Amino acid sequence: MKGTLVMRGRTLRRTVLAASIATVTALVATGCGGSDSDSAGGGGKELNIYAWAGEIPETVVKRFEKETGIKVTLDTFDSNETMTAKLSSGSAAYDLIEPSQYSVQQLIGQQLIQPLDHSRIKGLDNLAEKFRDPSYDKGNKYSIPWIWGTTGFAYNDKCIPSATSWKTLFDEKYKGKVYMLDNMLAAYIAGLQVTGSRATSTDEGEIKKATEALTDQKKILAGYNSTNYPQLLSTGQACAAEAWSGTAMAKVVAANPNVHYVIPEEGGSIWTDGLSIPKGAKNTDSAYQFINYLLKPEIAAMATDDGGSASANAKARDFIKDKKTLENPAIYASDEAIAKADFLLDPGKAMKHFQQGWTKVKAS
Amino acid sequence: MTTALLAPAGLTVVGLVLVPLLLVVRNSFASADSYGGIQGGFTLANYQDLLDPIYLKVFGYSLGMAGLNTMVCLVLGYVVSYYLASRPPQRQMLLLLLIILPFWTDFLVRTFAWINLLSPGGPVNSLTDAIGFTDGPSQWIPSQGASFIGLVYAFLPTAIFPIYASLRGVDNSLGEAARDLGCGWWRVHSRVLLPIARPGMLAAALLTFIPTLGVFVIPVLLGGGRDQLVGNLIVTLYTEFRNQPMGAAASVVLLLLMVASMAVFGLAARRLRRKTA
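Note that the protein sequences, when read in sequence, are chains A and B.
Those letters in the first sequence? Residues 8 to 371, per my numbering, in order.
Those letters in the second sequence? Residues 6 to 282, per my numbering, in order.
Everything labelled a hint here was simulated from the structure, so no lab data went into it.
Treat the numbers as computed from the prediction; the structure is a model and nothing was measured.
It is possible that some hints are incorrect.
Pairs of lysine-lysine residues, derived as DSBU-like cross-links and limited to a Cα-Cα distance of at most 35 Å, are as follows [to be verified]:
hint, chain 1, residue 1, chain 2, residue 2
1, A, Lys359, B, Lys62
2, A, Lys145, A, Lys226
3, A, Lys174, A, Lys216
4, B, Lys62, A, Lys174
5, A, Lys180, B, Lys62
Negatives, chain A to chain B, calculated, CB over 12 Å [stated by the list, open to error]:
hint, residue
6, Lys258
7, Lys303
8, Phe326
9, Ala370
Even glycine gets a Cβ: it sits at the ideal position worked out from N, Cα and C.
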């Protein structure tokens, strides 16, 4: 699950850079190459992609352009909400987008993406098992997972000898040294699981219990932070912090042996960003070509080597050059660690309970 | 002729201010679909929901913070402006330039600079440790205090300029005359200079109070996201909470608060003019 206001776990430089790139690229007109708006096929030699900043490496795009002669325009966003807003306003014509799992559910509901034609997709069985036929999109009907990650927490062992449970983040012993992600859905993963519920709960009573736990927890928190918490953990300003796996966290885990990233024993959660084709996409031929390209193990490996993210492609493992990343839990969590982790789903109508609860926590 | 000349300005106002504003007002009365989008219809539910104490608390806190920030900015703004205005003209330009200089850097970057300044091992901490102000490294950030420092930092220049503008033309001999007639330091300011600076102070208050209500980055970065301003509430309503109609309603309430405060400041200005006239 990701940050909305600020990009998850990335440095300021990248945030600012990404924001400016997004602004500049948004100004670049998509042109008029598309010949036919027929969703069954068609389109010219161009492809307009809208993806998470940094998740589709430039190297992948360059190689694809060279091999196919298709001109790719890659725009980036830093939250699912930004992407959805742009898509639903109808102001942008994209051929391929990269929503997170709960966002896929919402986009299906809002009828903003189209079912994929599986006869045109090759290499789906390269994906790891948990990304084939996932709970949020049965049969991969609307999306093909590309990147995945986890939500857990990290701690510095100079301050906390060892930790395996969310309870660490609720422990008064560490008052003033604990941070939570500044994100409602992420905070409720901890809140729900620490009170014995599942992260996917939509039950009013369970959400209420989680709200109470999070309100109590606020007294011991140093603050909510979705930006520089890996640095705070590394310098010891934070003893423990709720964390998203990914580049920033992985770098700190690799560089500082005192910092450990764990998926809590209560379950934690996993997220994935995948490829979907918006309704009314003009260049669907190119879009399918790109999906198939990303499903190739040697290309998927570049997501890790060049992009620093975990690939949903199981066969990519053999092609990843930097083998150390495979053992870094802040990139690739082990199968045992995520055995109990759920995909966070769209809360649907329960959203209002979360909204009231989170505002209550923040205003307490 | 005049109409033709005014057309571009009129169109800009209508297209870029009025239309978006009306859209927000319209949306604030709409109901949300299950994905938080605008569904249409007419309902007062969004405003009713805002009456819940948890939301009122956010509005109250914002008004308090904005008021406090305005007061601190006015005091500091007056002190700095007085100093500026009493320098030789050449020097004044240089000092003004120094105040404007930070604006050449992105606001987000300057806020991150404060994170470094206030963090343990940073200059502020080293200083307070060295003079024994606190024992041991203290936690300056994140805190409400850090958030407030960020607010004052962000709005102080905006407060300085109008006050400086009203003090700039003042003849130095006015102060001298007051002193010759037996006024002490305090009375020189309270009886002579402050009344002259008052229109500038009023403008400064307006320029500080209203934008503070809409701030949302500072509480997140310096305050550790613990206390929300209305700006934060609106952003979360539009994004994380996926409740656009209620976000629109909160925006309209914020707008009304701003108009109300402008009216208050406007009335004050009018009374001031009448008094001086």
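Evaluated hints:
no.	hint	in the structure
1	A:Lys359 x B:Lys62	18 Å, holds
2	A:Lys145 x A:Lys226	41 Å, violated
3	A:Lys174 x A:Lys216	15 Å, holds
4	B:Lys62 x A:Lys174	29 Å, holds
5	A:Lys180 x B:Lys62	30 Å, holds
6	Lys258	18 Å, holds
7	Lys303	34 Å, holds
8	Phe326	37 Å, holds
9	Ala370	5 Å, violated
The structure fails hints 2 and 9 (numbered hints given earlier, in ascending order).
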